[in-house]
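As a plain string of letters, each chain reads:
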Amino acid sequence: MFKAISRRNAVHVMLVYAGGCNGCDIEVVNCVLSPYYDIEQYKVMLTWNPREADILLVTGPVLKRIEPALKKIYDAIPDPKLVAAVGSCAINGNVFSNLGGDLGPSEEIAGPLDKVLPVAAKIPGCPPRPEDIISAAASAIPILAEMEV
Amino acid sequence: MEKDRGEADVEIPVGLVHPALLEPYRPRFFLQDEVVTDCEITLDAQHRGIERMMEGIPVDKCNIITERICGICSCVHLWNSVRVVEKGLNITIPERAQYMRVIINELERLTSHLIFFGHALEIIGHETLAMRAFIAREPFMILLGELSGNRVHYACPVIGGIRPRCNPTDDMCKKALAQLGPAADYVKDYADRILQDAMIMSRIEGVGVLTKEEAIKYHVVGPTARSSGVAKDWRTDIPDYKHFDWDVIVLDDGDVKTRVVQRVLETFEIIKILKQGFENIPAGEVRTKDWKLGTMPITTCYHEAPRGELYDSYGLDEKGNVRHYKNRTPTLTNLGAMEVACLGEHLTDAVLTVASCDPCLCCTNR
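In the order they appear, the protein sequences are chains A and B. As numbered in our numbering, residues 1 to 149 make up the first sequence, in order. As numbered in our numbering, residues 1001 to 1366 make up the second sequence, in order.
Hints may be right or wrong, so weigh each one.
[Claimed, not checked] Label pairs and their computed distance ranges (CB to CB):
{"no.": "1", "chain 1": "A", "residue 1": "41", "chain 2": "B", "residue 2": "1213", "range": "47 to 53 Å"}
{"no.": "2", "chain 1": "B", "residue 1": "1346", "chain 2": "A", "residue 2": "102", "range": "48 to 54 Å"}
{"no.": "3", "chain 1": "B", "residue 1": "1336", "chain 2": "A", "residue 2": "102", "range": "30 to 36 Å"}
{"no.": "4", "chain 1": "A", "residue 1": "43", "chain 2": "B", "residue 2": "1125", "range": "23 to 29 Å"}
These are calculated hints, taken from the structure and not from any lab test. Note that beta-carbon positions come from the ideal geometry of N, C-alpha and C, so glycine has one too.
Construct the entire structure; sequences and hints are all you get.
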């Protein structure tokens, strides 16, 4: 029970840019964490240190160039941990893996994210609305608190 | 090939993913006793192969992808890509559409500059003012959401005009004008607060100087060039901006302070353009349909993105498919110049100098 209370009171989120267009990243960093929407009121804090993090937010279609770094970051996060895919790119590759001309869609993409990491939450949208990101984070907190580890 | 360490004592590689960099890229600083003697910036982490995806794609789909090159300056990428076809096939667009394109683009430039203030102040370590930049930015994001239906990818220009979704009613224009007043006042107070803060000024004054000669040599573009005394703004060449009364801000000193001040002054010009836009927007059609896609020779267009010169060029084949697409974004040359501007600075100032050209890596790698 103490574990659940302490986990619920300090949830740290780490954001990794995995090669998208920056739209989702800016929405997460500059909007959801800014004083206007203020996700910190739900005791969700942004961190850039994987060893502090509980939730890993990944934006972008996961390029082959970033995949090894992303896996290292995931391994460095202590259990219990959740991964959330933010935006259409992380969920299904968006335009980069679904549109293409004579030479086909982009070949640089290792994703979508669930091929690379186990994904617990998907936040759709291009980019997702700030309200959606907040509600996803808020609904992930009880799951994280109840997890066995 | 990577640079050698040479005479330097220490090499500090930063990245690929690192707390000091918001986007994945990889600067390497070579230090001699805390002073940077050499610097190398590697860009490859966000390469999605967009130019390769474009070969033989129908032009409408091409415009969907060009918008996704960047999430900070998405309107200007789309607009410039649309302008290539309009220039190549001589399509004239209605005046109301021209106004709307300028309004959306300038709102986007404003939010982009406010992100720059936030990030620059975060690097200096002034968290409070950085957060205030994001408070100041939010009313403009909401306005963009109301005008275009999306907060980041507005999808406003289409070939021949603008998307009907972005056509505002008179009430919306009045409401936008009323919202613009208080938001602009907040930005003005905020800018005063930055420029009068002795602590911030002592941190950024005289740091990372880029002279006019160096700026021309490395072909620096956009606000970074205009704060080194190079008077070049592509907006002066674009007919849509002829309806507005505004000035190009050029400053001479070329240090980090000048780059911040230049963007502050440019922000006031943007607010001037926006006020004129919402007041004088003419009535009428927003899209012409009397044109037909067909063979188009390779056409080139330049535009002024929030960070500088944007280049797009492509041709169309007889089916209206894109051929030989090329795109070049401003950060490429700006970051190259910053490799030079940060020499002789302390490591902490070097990071600030690199960030002061407002790098956007997702455009640059595309």
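- Item | In rising order, the numbers of the hints this structure does not comply with | none
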